[in-house]
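S.K.: Below, each chain spelled out in residue letters.
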Amino acid sequence: MYRIVDKIRLASNVVKMTFEAPLVARAIKPGQFIIIMVHEKGERIPLTVVVSEPEKGYITVVFQEVGKTTKLLGRKEIGEDIFAIMGPNGRPFSIEYYGNVVLVAGGVGVAEIVPIAKGLKDANNSITTIIGARTKELIFFTDILGSISNKLYITTDDGSFGIKGLVTVPLTEILKTEHIDMVLAVGPTIMMKAVANLTKDHNVKTYVSLNPIMIDGTGMCGGCRVTVGGETKFVCVDGPEFDGHKVNFNELMMRQKFYSQEEKFSCKLLEEDLCH
Amino acid sequence: MPLRPRIPMRERDVTERITNFQEVALGYSEEEALLEASRCLQCANPTCIDGCPVGINIPAFIALIRERKYSEANRKIKEKNSLPAITGRVCPQEDQCEAKCVLAKRGEPIAIGRLERFVADHSLYEPQDLTKRPSTGKRIAVVGSGPAGLTISAELSKLGHSVSLFEALHLPGGVLAYGIPDFRLPKYILKREIEYVAQLGVEFIPNVVIGKTILIDELLRDFYTVFLGSGAGAPILLNIPGENLLGVYSANEFLARINLMRAHHFPEYDTPVKIGKNIAVIGGGNVAMDAARVVRRLGSEVTILYRRSKEELPARLEEIKRAEEEGIKFIFLSAPVEFYGKDGWVDSIECQEMELGEPDSSGRRSPVPKKGTFFSLKVGSVIIAIGNRPNPIISQSTPELKVGKNGEIIIDLETCKTPKVGVFAGGDIVSGAATVIEAMGTAKRAVMSIDKYLIDKIW
Numbered sequence: 509m510y511r512i513v514d515k516i517r518l519a520s521n522v523v524k525m526t527f528e529a530p531l532v533a534r535a536i537k538p539g540q541f542i543i544i545m546v547h548e549k550g551e552r553i554p555l556t557v558v559v560s561e562p563e564k565g566y567i568t569v570v571f572q573e574v575g576k577t578t579k580l581l582g583r584k585e586i587g588e589d590i591f592a593i594m595g596p597n598g599r600p601f602s603i604e605y606y607g608n609v610v611l612v613a614g615g616v617g618v619a620e621i622v623p624i625a626k627g628l629k630d631a632n633n634s635i636t637t638i639i640g641a642r643t644k645e646l647i648f649f650t651d652i653l654g655s656i657s658n659k660l661y662i663t664t665d666d667g668s669f670g671i672k673g674l675v676t677v678p679l680t681e682i683l684k685t686e687h688i689d690m691v692l693a694v695g696p697t698i699m700m701k702a703v704a705n706l707t708k709d710h711n712v713k714t715y716v717s718l719n720p721i722m723i724d725g726t727g728m729c730g731g732c733r734v735t736v737g738g739e740t741k742f743v744c745v746d747g748p749e750f751d752g753h754k755v756n757f758n759e760l761m762m763r764q765k766f767y768s769q770e771e772k773f774s775c776k777l778l779e780e781d782l783c784h
Numbered sequence: 003m004p005l006r007p008r009i010p011m012r013e014r015d016v017t018e019r020i021t022n023f024q025e026v027a028l029g030y031s032e033e034e035a036l037l038e039a040s041r042c043l044q045c046a047n048p049t050c051i052d053g054c055p056v057g058i059n060i061p062a063f064i065a066l067i068r069e070r071k072y073s074e075a076n077r078k079i080k081e082k083n084s085l086p087a088i089t090g091r092v093c094p095q096e097d098q099c100e101a102k103c104v105l106a107k108r109g110e111p112i113a114i115g116r117l118e119r120f121v122a123d124h125s126l127y128e129p130q131d132l133t134k135r136p137s138t139g140k141r142i143a144v145v146g147s148g149p150a151g152l153t154i155s156a157e158l159s160k161l162g163h164s165v166s167l168f169e170a171l172h173l174p175g176g177v178l179a180y181g182i183p184d185f186r187l188p189k190y191i192l193k194r195e196i197e198y199v200a201q202l203g204v205e206f207i208p209n210v211v212i213g214k215t216i217l218i219d220e221l222l223r224d225f226y227t228v229f230l231g232s233g234a235g236a237p238i239l240l241n242i243p244g245e246n247l248l249g250v251y252s253a254n255e256f257l258a259r260i261n262l263m264r265a266h267h268f269p270e271y272d273t274p275v276k277i278g279k280n281i282a283v284i285g286g287g288n289v290a291m292d293a294a295r296v297v298r299r300l301g302s303e304v305t306i307l308y309r310r311s312k313e314e315l316p317a318r319l320e321e322i323k324r325a326e327e328e329g330i331k332f333i334f335l336s337a338p339v340e341f342y343g344k345d346g347w348v349d350s351i352e353c354q355e356m357e358l359g360e361p362d363s364s365g366r367r368s369p370v371p372k373k374g375t376f377f378s379l380k381v382g383s384v385i386i387a388i389g390n391r392p393n394p395i396i397s398q399s400t401p402e403l404k405v406g407k408n409g410e411i412i413i414d415l416e417t418c419k420t421p422k423v424g425v426f427a428g429g430d431i432v433s434g435a436a437t438v439i440e441a442m443g444t445a446k447r448a449v450m451s452i453d454k455y456l457i458d459k460i461w
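First to last, the sequence lines map onto chains A and B. Quick note on my numbering: the first sequence kicks off at 509 and runs consecutively. Quick note on my numbering: the second sequence kicks off at 3 and runs consecutively.
Just so you know, these hints were derived from the structure itself, not from any lab. Where hints are given, some of them may not hold.
Said to hold, decoys possible - Pairs of lysine-lysine residues, derived as DSS-like cross-links and limited to a Cα-Cα distance of at most 30 Å, are as follows:
#: 1; chain 1: A; residue 1: Lys741; chain 2: B; residue 2: Lys102
#: 2; chain 1: B; residue 1: Lys344; chain 2: A; residue 2: Lys549
#: 3; chain 1: B; residue 1: Lys419; chain 2: B; residue 2: Lys380
#: 4; chain 1: A; residue 1: Lys741; chain 2: A; residue 2: Lys626
#: 5; chain 1: A; residue 1: Lys741; chain 2: B; residue 2: Lys380
#: 6; chain 1: A; residue 1: Lys701; chain 2: B; residue 2: Lys454
#: 7; chain 1: A; residue 1: Lys776; chain 2: B; residue 2: Lys276
#: 8; chain 1: A; residue 1: Lys776; chain 2: B; residue 2: Lys419
#: 9; chain 1: B; residue 1: Lys279; chain 2: A; residue 2: Lys741
#: 10; chain 1: A; residue 1: Lys741; chain 2: B; residue 2: Lys407
#: 11; chain 1: B; residue 1: Lys419; chain 2: B; residue 2: Lys276
Since we're looking at a predicted model, the values are computed, not measured.
This is chain B alone, in the form it adopts within the complex (with noise of 0.2 Å):
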């Protein structure tokens, strides 16, 4: 029997994205998750949980679709993730559970991401499940309200610990805030998804930067316990000369502009952003192609410059498809060498072509130069985009904590301690940066071992 293709999703015209920040996928009506959620096999040993970094229980919360008991396959996906709304939009999926899905095999797999999404949406403004533990007594202080420490916040509230929630920016979120436009990640999503946190009983306390205003050791006398999750926030930058040229941004700098203060809305708000009317983005992950599609909104043409082949993009397919949609250009197998400008500010780069060597320890195929390819792109503006690590503010200030040598803190990866007692860690702080998922499920790893310590009073 032929497998029925998956529902595809509505998504807002090219003409009309291109103009504004609005979400551009439009997300499933009721029909059409039934239509998809039909598909589900519903296997008796589903593989499509392994694939999962949280361990959603997905076939018992698409059946609950099925059963248009949806407020129910909400409180199903939240037993394990407690911001639906919003992996079900940034998660990789098609690398995850989707992968895992045994349709994979045959045909297309479980649309499992726009599943969660539909469900998360559609109970947005419901009640939310408010059940706890009865409380412990115990404080816990979570460092960084991205992914990773919003996710620690939520579980451990629920188990009855009482939470509160560290961030150096004057808005809760992280990554999410700063980092993620509006187009994939809407604001008022984002919002709602932070309100169900306090709603579970977390202090959000914004301003203050841990290792700074506070260090690690103060926190562990008014607090039982500290979780560090401070995400990979400073960006990696291509040291070639001109790099400090005028209209050289860090993605970092040109996304928390528009992101967070909402330059694009300048001058109702304060801050400004200026590109040039040509545009370079160097990089090939999400953060470039976010990068880039910002651009177009702007009002600009944009080209993206990776030094690797289409097939090495680290981006996800569907936002690599949206940015070539939107008129978003792309060079491969090459890599700046230097910028060059006029007046200060930047008007060229030179590039050398590259060819694809020895996969590397990624996996990839390393880049390498080719000998005497060089060649010049005209430019306005240049987005760099090729990376982040974990900040080290607080390493810095806390020297009982081991770095390894990209900056991440080193923990053991069962209990996710480090060597400093009551000091937990996760997320991209650990790892470097990755997706927001991966940096929820270590931080799902870490609710349990917190949670036992904080029983157990042994460490």
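The shape of chain A in the complex, shown without the other chains (with noise of 0.2 Å):
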């Protein structure tokens, strides 16, 4: 069992949470991510780390409400336990010196791309960073970004903040007029789709992470598969960042649909309170 330590709700339905799992916190890396399974009859899904504190032995992650194991953790609370955590998970981002970074974050992957964020910076990147949300409820953690980032740009999709529009809006005009060594987008596939259409064109290497459907997170059942360049990886240990021009996305965004049906249909008994 895995005690939370702390909760705090970012927006309405995005929580951040800390776990006590020492073994994790001393030994995960940015970029990696842990198997969680809420209680005994649940799911295995992963979520990124997004902070370590290896000497507490705590680690922190944030996630939407979206789906019926979410929901289920996101109405856990302090004192209370999980049944598993697993990780670290997959391969760590190659924290490197690249130059001019710049760093595409949307939904949870805002709090995602800290980690990695904050190596890059160790490692004497100059950062760009560009936040996206739906609206402006829904932005968080920009104190954070913003003090790693040279530059920090916020888009809302309506408008209520920042930008107006997609995060591909600044960094259309960012590509245009600067030298940019390396893109990293972290978040929903189709921003992530979109960022890496936009940076072929300006020939500017680009790492997506990609979160698909996993069971259980070692390379064993293969249900996380997706085509890169051609060839079939499994993001759970190949991954989970990868060459954002050679992933296969409009397959990555059908296999992430796969069980979209149940998944409705336990939320709907989740809310009418007839599974736990």
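Combine both chains into one complex, guided by the hints.
M.R.: So, in structure tokens, the structure goes:
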């Protein structure tokens, strides 16, 4: 069992949660993720670790309550336990000096990108960050990312804060006017696809952090497979970061919807409280 | 004198069994076990023992059955095999001990597996013999809680060593938990056997991926020695177009959803499984049979596509027979070349007919494509069950280990030592995917070698 030691609601359906998981806390590196199970009959889902505090034995994740598992997790309170945490999984992001780096983050990707951003800053990269949200209420972590970044752009779909439009609006401008050595996009698949399409035209090296359906998270089931450069890769062990110009995003988006009907059904039961 | 035929084992009726996941083989009654045991010739020089990878004294335990000393028979088996309720169910006895039984030459061999199961089931809830050598104070880390890991943990614990058993998943058992379905190995049997291993003092540590959560070098700081028994858990795929369409599963994923995550009880359990109406399973081994038989229990029609002929099917005969009884169809001498889909979901397989050529390294005649003989098979889902190889996480994170071309860890076959001091390996991580008992057999060899290392302290 793994104790919840902190919980803060960042937005109406976005939660930041800290767990006691000392073995993970001491081993995890930027870009790696954990698999969690909320309860014994639960699903195994991947979550990126946002902060690790090895001296305390704590790890922190940020998640959006979209499916049954994240909704159940969101209902848990400080002092309660969850059934399983396994990790770190996946390969760490390769932290090195790239030069001028643009970080593009949307949704909970804004939190997930933080450890990589810190690492890149420590490696003396010049960092420009673009945060995208649907609306003002869903913007968070601007302080942290602002302090790491040389420049910070915020976009909202509805124009309620910052630049009106998608993350591609400022990115287009930056790519036209500045020399960029590397772009990293973390967020909804559709956003990462748009970013990769854009940077391809400018021939800028681009990494994306993929988030497919997983079960074991150790390369056993192959449920998370994606096509990268014409080859099948397992996101859990070969990723989660890949060359954005080589990822078959359409296939990934299709595979992410594999169980959307079942997910809806589960969520409906949960809301009716028939299940748990 | 004509030989009496072996006593058949009762099975759940086929119309009932495809409606649930209850165990199919029902085991011997006491009377049946006594009748079968009475057929044993109690050879002065028994050959059956040579066929057992862990060297169980088979005639001795059968003699104890005849005397109705079932608990003693169980102890006799457990001298060599810590998991008899499991091996009594899933061992391919027909290729091992029973193949070496002298009766096999003149008729049917003794049903050793069924007798082993009878004895193990009889004693399942009895207090077990937990006699151990005095504590040596030596700590050992065992990596992977499948057949090899459970075996070696139990044996080393009996020898007085202190064993910590690490598992990546949330439940112990490895392939016994995620791979083998309930109708072949009920979960309560697995649970009970694991309880026995725990009673011997083995500490079970779940949710730890050795090579990620803890590196081998870190383990070696806290433990005198490490045994790698993490099996062959990485699925081999076909690498043909369309393999990533929805509805195409590796057998590992499909079986893990059911056996480990209990997707057949969705929504009581949160993990779902979705398949179409006509399912194709690719492959001919035990895993293919398991997957196909699970599909039947989910209510779909299923066809097994195998590239060789019926004679070469690597699955146990008993499992093939049961699969056939359950209405599973077979298409032999055919291999998929491409998957086609509609709206992203697989809906047909383009197949090519094969013929058998020269024997390959496995000794089986190898399949050769027949020119221009393509056909299309309509499917609702596909399950790929063409084999597994060792997971690379440990070898990639431990450069001193030596790895073979299929990802297997190279060891000294006699001592089970890897090139890295203090690290031993055994089971499927060494041999590639094999049987439960073979994994246990190599683990047994490692026990002696590790014990010697712990006592002599010489690598």
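S.K.: Decide, hint by hint, whether the structure agrees.
M.R.: To see whether the hints hold, each was checked on the structure:
| no. | hint | in the structure |
| --- | --- | --- |
| 1 | A/Lys741 - B/Lys102 | violated, 45 Å |
| 2 | B/Lys344 - A/Lys549 | violated, 33 Å |
| 3 | B/Lys419 - B/Lys380 | violated, 49 Å |
| 4 | A/Lys741 - A/Lys626 | holds, 27 Å |
| 5 | A/Lys741 - B/Lys380 | holds, 27 Å |
| 6 | A/Lys701 - B/Lys454 | violated, 57 Å |
| 7 | A/Lys776 - B/Lys276 | holds, 18 Å |
| 8 | A/Lys776 - B/Lys419 | violated, 54 Å |
| 9 | B/Lys279 - A/Lys741 | holds, 28 Å |
| 10 | A/Lys741 - B/Lys407 | holds, 19 Å |
| 11 | B/Lys419 - B/Lys276 | violated, 43 Å |
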